[in-house]
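Taken in sequence, the protein lines are chains U and L.
So in the working numbering, spot 156 of the first sequence is number 156, and the numbers just go up one at a time.
So in the working numbering, spot 97 of the second sequence is number 97, and the numbers just go up one at a time.
Since the hints were made in silico from the structure, they are not lab data.
In silico DSS-like cross-links for lysine-lysine, where the CA-CA straight-line distance does not exceed 25 angstroms: (1) U/107 x L/56; (2) L/32 x L/173; (3) L/73 x U/107; (4) L/200 x L/67.
Computed spacing ranges between beta-carbons, pair by pair: (5) L/67 x U/106: 31 to 37 angstroms; (6) U/149 x L/93: 48 to 54 angstroms; (7) L/145 x U/204: 34 to 40 angstroms; (8) L/58 x U/106: 21 to 27 angstroms.
Even glycine gets a Cβ: it sits at the ideal position worked out from N, Cα and C.
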Amino acid sequence: MAQRDYFGLIIVAVIVTLIPRLIENEYYIGILVFTALNCLTCMGLCLLMGYAGQISLGHSAFYGIGAYATGILTVTLAWSPWIALGAGACFAALVAVVVGVPSLRLKGHYLAMATLGFGAIVHIVFVAAVDLTGGPNGIARIPHLDLFGIELSTDKSFFYFSWAVVILGLFFALNLIHSRVGRGLRAIHGSQDAAGSLGVNTARYKIQIFILSAVYASVAGSLYASFVNYIDPGPFDVMHSVLLVTMVAVGGMHNIWGALIGAVLLSILPEFLSELSDYFGGVGISYNPDYDMLIYGGILLAIMLFLPGGLVEGIRNFLRFSFNAVAKIKRRAFS
Amino acid sequence: MAESILELKNLCKYFGGVVAVDHLNIMVEHGKIISIIGPNGAGKTTIFNLITGFVKPSSGNIFYDGKEINGLKPYLIAKMQIARTFQNVQIFPQMTVLENVMVGRHVMSRSGFMFSTLLPPVFRTEEKKIREDAKQCLEIVGISHFAQYTAGSLPLGTQRQLEIARALAVEPKLILFDEPASGLNTRETLNMGKLIEKIKEMKITVVLVEHDMELVMDISDKVNVVNFGRCIASGDPFEIQSDPGVIAAYLGG
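Bound-form chain U, shown alone (with noise of 0.2 angstroms):
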C-alpha cells in the first residue's frame, strides 16, 4: 500500500517535468501554478477532513494570512520573500493555535459553523484594516521569489517551483499518513472515544493535524501573492474556503490522491468550459466566470448523490466490479 504511493509520487515528478514540453502557451502554465497551490491546501485540508475527520470551512483565511504575511512583509518591511514565507506559516500555525483548541472541541456542524464564522472574521480584517492590508485596493508590487540566485519572475520557472513544492508537501503527507501519528489520526475519524482508550492523544493530534493544515494553506497563499505580485481580499473570501472543501469532496476525502485530483481537476474546469464555449459561439450562449459557482455546485450535488466517496474511489470501485465481472465470464466460458 506504502510503496504504491511512493511510486505515484514519482509519476507525479514525471508529468510535471513533460508538461512544459507539451504545452506551449504561458496562460495555459499561468493556471497550472494556480492549480499547484490549489492542490497544496487541499492535500492539507484532506488531511484534516479526511484523515482525522474534522471539517474547516475557513481554510481560505490560511490562505490569505500566508499572502497577506508575504504581501505586507516584502513591500512594507522589504524583507527577503522567503523569511516572509517563514514568517507568514509560524503566523498561521499560531492563529491555528488560538482558533483550534475551542473550536474543535466541537463537532460536525459546530465545527463547521465555528471555522466559517473565522474564516469571515478574517476575511473582513483584510477588507478593513486599511492601514495594514491596503483594503479594497490591496498591496501591489510583491517582489518575486528567487531560488539561487535565479529569480522565478517567468511563469514557467513559478511553474516547476510551485509543484516542487506540492511534490515536497505530497512527500510529508504521505510519510504522515503511513506512520504511527497518522494512523492515531484515522482512529478519531473513526471513533474518537476507541482512539482515546488506546492512547491517542485525541485533542493532541486534532489541533497538530490544523497547524500542518493551516501551514499548507498559507505556504500556498505566499507562493501566490510571490507568483501574482499583487494581491486583495477577494480570493480569500468565505466562497473560496466552500469550494477548497468542494474541491476534496469531489476527489475523494479519504484519499490524498482524491484530494490533488479533485483540486486539479476543479482548478482547469473553468478553463476547458470556456475554452469549449468558444466553439459554440454561434448559439449565443457563451460561459464567462459567473457560471463557475453554478457548475462547482452541480458537480458536488452530483458526486455527493452517485459518488459519495468521490471520484477516487467511484473509480475504484468500479474498476473492481469490471474486474471481477471479466473474472465471472472467463470462469463461465472455461467451464
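Position chain L against the provided structure of chain U, taking the given hints into account.
Only chain L this time, still in chain U's reference frame:
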C-alpha cells in the same frame, strides 16, 4: 506491588439528579477474571467509563496498582496499560483489520508528529515492529486471515474479536470487557469464553461486564452484583447463584 490491581473505594457518580454509581467498593485481584453483573441501568458501563477516564467520578477513589488514577484522561489511562472494549463495538470501520490493531500499538511506540512527517516509513524501524506485533495479536485472537479486510465489512462476531485483538495490542495488565458476548450466537459465545480464559492465562487481569449468565458463571473467579449503582453481593459464582438478595434484584422481588 499492591495486593489488588484495581480498587474502587466509595466511588460515586451522579448525572444531574440521577445516581449512576453509589458508594461502590470493588476489589480486583491480580490475574483473576472478575465479573460485574446486574440488571439493565445498574451502572455497569458507567463503572467502566469511570475507570477508563471517559467520565470523572463525583467522589471516591480509583486505585490502580496502588496509584490513584481518578480523573485522568483516557489516553493516560491507556498508557498505564489498561485496555477496554465497548458495549457497541467501536472499531475503525474505514481501516483494515491489521491497521486497527496497529493503532493499538500506539502506547508501545514513540515516533512523534514531526518525525513521522519528515521521514518515510521505510526509514522508521519502529513501523516494521508495529506491524509484526499487530500480526501477533491477530494470531492470538485467531483472525489473521482477515488482516487485509476493511474492518467495517466484517460480521459483528469478528468485529468483537478485532476489538479484543486491538485491546491486547496495548499489552494491558488489566483489560475491561463490556458485554463481549452480546449479539453473538451460542457457538460464538463459547469461543469468546475460551478466548477470555486464554487472556487470563497470559497473566492479564480481566474485568467482565456481561449479561450472558452461563458465560459469567463458567469463567469468573469472582462475581460482583451491582444494582442501582451499589454492590449488593460479591463472591464466587456458586455463592452468587444462591444469594437471596441477587435473586430478588433479578426477579424483582
